[in-house]
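> Residue numbers (my numbering): 1 to 172.
Hints are supplied without guarantee of correctness; some may be wrong.
Derived lysine to aspartate or glutamate pairs resembling DMTMM-like cross-links, with alpha carbons at most 20 Å apart [stated by the list, open to error]:
id, residue 1, residue 2
1, K116, E134
2, K114, D127
3, K114, E134
4, K168, E115
5, K116, E75
6, K129, E169
7, K86, E75
8, K92, E134
9, K92, E60
These aren't lab readings, by the way, just hints derived from the structure by calculation.
All values reported here derive from a predicted model rather than from experimental measurement.
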Amino acid sequence: MTATAHNPSAGCSAMLTPETLQKFDREIAKYPAGCQQSAIMACLALAQEELGWLSMETIEAVAGYLAMPPIAAYEIATFYAMYNLKPVGRYKLTVCTNLPCALSGGVHAAEYLKEKLGIGFNETTPDGKFTLQEGECMGTCGDAPVMLVNNRRMCGRMTPDAIDALLKECQA
1 MTATAHNPSA GCSAMLTPET LQKFDREIAK YPAGCQQSAI MACLALAQEE LGWLSMETIE
61 AVAGYLAMPP IAAYEIATFY AMYNLKPVGR YKLTVCTNLP CALSGGVHAA EYLKEKLGIG
121 FNETTPDGKF TLQEGECMGT CGDAPVMLVN NRRMCGRMTP DAIDALLKEC QA
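Go ahead and model the full structure; you've got the sequences and the hints to work with.
If you want it as structure tokens, here you go:
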């Protein structure tokens, strides 16, 4: 048997800080006893926040911590676009190209970013600073074109000038 078979949290303890594990425990405490699996999305996000992306080993360790089958955690991690299953740049820029954004400049914003960064979708700049992704509806069509930075910061009305300002801010 592996160490994680005796102690499900051993895998997480080896790869995540005690502070992140405390955050896991706060998320788990939001649910009734025995329902810790309900915290899977939050715990995956916390692990990704610390490590930058979710390797298979990380997903398995989080599953072990929550006493759930690794495949169930993997299904969540692969279903939602917010989880990075491979290393990404320091700044992950997700441009909405869904129809409302596309009609309001989303495609132009994406093309401008591709040209400016010298990469395509699902690629990372050679310096590791930026990863560009195409995203689905972000629910702020009135602010189109819309872009999400690191799954946390929503930026609207992303004209070339606004994109230049954002890239300059990230370079600082």
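> Does each hint hold? Answer for all of them.
The hints, checked one at a time:
1. K116 / E134: holds (16 Å)
2. K114 / D127: Status holds; Cα separation ~15 Å.
3. K114 / E134: Measuring from Cα to Cα gives roughly 11 Å; hence the hint holds.
4. K168 / E115: Distance ~15 Å between K168 and E115 Cα, so the pair holds.
5. K116 / E75: The given pair, whose Cα atoms are some 34 Å apart, is violated under the 20 Å limit.
6. K129 / E169: Holds, at roughly 12 Å.
7. K86 / E75: At roughly 15 Å apart (the allowed maximum being 20 Å), E75 and K86 satisfy the hint.
8. K92 / E134: holds (10 Å)
9. K92 / E60: violated (24 Å)
Hint compliance for this structure: hints 5 and 9 are broken, all remaining hints hold.
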